[in-house]
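> In case you want the letters, here they are:
2 protein chains.
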Amino acid sequence: MGAARGGILKPDLAGWLRTTFDRAPTDQGPFDRALTHGSQAAANYERLEFLGDRVLGLVVAEWLFERFPAEPEGALSRRLNALVTGAVCAQVARDLGVVPFLRLGKQARDDGAHDSDNVLGDVMEALIGAFYLDAGLDAVRGFIRKAWAEKIEAHAQAPKHPKSALQEWAAAHNRRPPEYEVIDRSGPNHAPRFTVKVVIGKLADATAEGTSKQEAETAAAAALLEKLGN
Amino acid sequence: MGAARGGILKPDLAGWLRTTFDRAPTDQGPFDRALTHGSQAAANYERLEFLGDRVLGLVVAEWLFERFPAEPEGALSRRLNALVTGAVCAQVARDLGVVPFLRLGKQARDDGAHDSDNVLGDVMEALIGAFYLDAGLDAVRGFIRKAWAEKIEAHAQAPKHPKSALQEWAAAHNRRPPEYEVIDRSGPNHAPRFTVKVVIGKLADATAEGTSKQEAETAAAAALLEKLGN
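In the order they appear, the protein sequences are chains A and B.
The letter at position 108 of the first sequence is residue 108 when you use the UniProt record's numbering, and the numbering goes up by one with no holes.
The letter at position 53 of the second sequence is residue 53 when you use the UniProt record's numbering, and the numbering goes up by one with no holes.
This is chain A alone, in the form it adopts within the complex:
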């Protein structure tokens, strides 16, 4: 539904907000800002995205905590990370019909920002931030659980740990199992940095850093999986 104003058919933002969030905002200002890219105005979505990112993190964490009472912390973390990526947030934004309401500068429009996962993902988080400020945690919890409902059920199992996934990839492709080696350790004892290299025979390798050997190995496995097209 559009309303003609000054000869241009403008999409009806107030109506869309009312439908999407199941109530009219007390103050539409933060929602306007959540839809505004830095290329369009200094009053853009960045601060609201900072807030909304943490709102989404808590609501999804609490939901996973309830929904998967037998899973250890590592499995919950991997589920959470998979549910709050920019690509998933962007998909939710598209499904909700955010695109016509984006406020982009000319350059960003020309660069295709209206279809960028980065921009749409950030806008989705900023809208969550705006709704949290407007209506509080209970309302935003209801909104997120509805918008993410299919996504949380999509995986019967928690996503695999990168090291397990790499191990399975190697076995499935008749390759030698991954080997990990710490190639550098720096930083003071209370804040060490490890650099780990992972190789699959002579096929491929990747290197990554972390604050523990385990973290660096995980990052290296993820980097190698990405190189291998996974």
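Just so you know, these hints were derived from the structure itself, not from any lab.
Possibly wrong hints are sitting among the right ones.
The list treats identical chains as one, so a pair stands whether inside a single copy or across any two.
The calculated lysine-lysine pairs, modelled on DSS-like cross-linking and capped at a C-alpha distance of 27 Å, are [to be verified]:
1) Lys227 / Lys197
2) Lys197 / Lys213
3) Lys106 / Lys213
4) Lys227 / Lys213
Got chain A; can you put chain B on it based on the hints?
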């Protein structure tokens, strides 16, 4: 205050919880679990820490959003990261007198886990998770704002960005300014990985990865600052 039981003077957990959280818990179970290290029992603090980490993140993010209305997202993120490190959470735990209530296995006790920033930081987040489940967001917001009050006011300015801090370090030590170079780019277009090397003349270098050039440069600057003892 202790109560003698079976000849051993046990610290009074129920009394400590009442004083610390300003109310008696509806169910003490999650608090027991939040104080329990993995070396002591399978029912340990790890899942509650997963939840509490996000509760703390939201409460601090919202507080910074209000308290520093003119700061851009980058400055708020740096403040947040500085306020929720393991070391800061551990300090809050010590200040609140958590240590006598820790439940550690023998090996962890012998390894000094009662004074480990990692363990105490995790326990602090787990206690926040337990209190959130017990009393909700408003109560936990009040608790965190009191426990972190001095810490949020301690920095008149947001912590410096690692690239600015490295630039200033080089100038203060009469060294050449840091130079950044992308030495590797991998991954598909929609999920690139950049490896950046930063050097200060011939003095020192560090390498790090990120999902953007800017992120990899920031991580490399942080790694080099750490090598230089900052």
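> All the hints need checking, so say for each whether the structure fits it.
Results of checking the hints against the structure:
{"no.": "1", "hint": "Lys227 / Lys197", "result": "both (14 Å within a copy, 20 Å between copies)"}
{"no.": "2", "hint": "Lys197 / Lys213", "result": "both (11 Å within a copy, 21 Å between copies)"}
{"no.": "3", "hint": "Lys106 / Lys213", "result": "between (46 Å within a copy, 24 Å between copies)"}
{"no.": "4", "hint": "Lys227 / Lys213", "result": "both (21 Å within a copy, 18 Å between copies)"}
Of the numbered hints listed earlier, not one is contradicted by the structure.
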